[in-house]
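Colleague: Sequence:
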Amino acid sequence: MQKSFKITAPEGLHARPATQLVSAVNSLDADIQLIHGSKSANLKSIMGVMAQAVPHGAVVTITAEGAEAEKAIEKVTEVFVSQSLGEETE
-18 MQKSFKITAP EGLHARPATQ LVSAVNSLDA DIQLIHGSKS ANLKSIMGVM
32 AQAVPHGAVV TITAEGAEAE KAIEKVTEVF VSQSLGEETE
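Under the numbering used here, the first residue of the sequence shown carries the number -18, and numbering increases by one thereafter.
Hint data in this document are derived by calculation from the structure and do not stem from the laboratory.
Computed beta-carbon distance windows for the label pairs:
(1) His37 x Asp10: 28 to 36 Å
(2) Ala48 x His(-5): 29 to 37 Å
(3) Ala48 x Pro(-9): 30 to 38 Å
Under the rule of at most 25 Å between Cα atoms (straight-line distance), these lysine to any residue pairs were calculated in the SDA-like manner:
(4) Lys25 x Val62
(5) Lys(-16) x Arg(-3)
(6) Lys25 x Asp10
(7) Lys(-13) x Gln64
(8) Lys56 x Arg(-3)
(9) Lys52 x Ala(-10)
(10) Lys(-13) x Gly38
(11) Lys52 x Asn23
(12) Lys(-13) x Val62
(13) Lys(-13) x Val40
(14) Lys20 x Ala32
(15) Lys(-13) x Lys25
(16) Lys(-16) x Ala48
(17) Lys56 x Gly29
(18) Lys25 x Glu55
Just so it is clear, the structure is predicted and the values come from calculations on it, not from any experiment. Just so you know, even glycine gets a beta-carbon here, dropped at the ideal spot from N, CA and C.
Generate the whole structure from the sequences, applying the supplied hints.
Modeller: Have a look at this one:
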């Protein structure tokens, strides 16, 4: 499963949003990746997400595989929308 988001947070994905995303999915039984350009990071790793240095206006894709992949995508979507981090793209 996958879903893409355009980053709307003025600061991009810095420490606080990275922490919120990681916390939302850390306990789930799924392999979850954040893809920005040609780079990919484990969404369960705060340092990995922050190392992506995703700026405002960038498009990221979240992929999830495993038993709770659908739940992972739902939780990531909830965080992006509720915290005004980004909006879904088509």
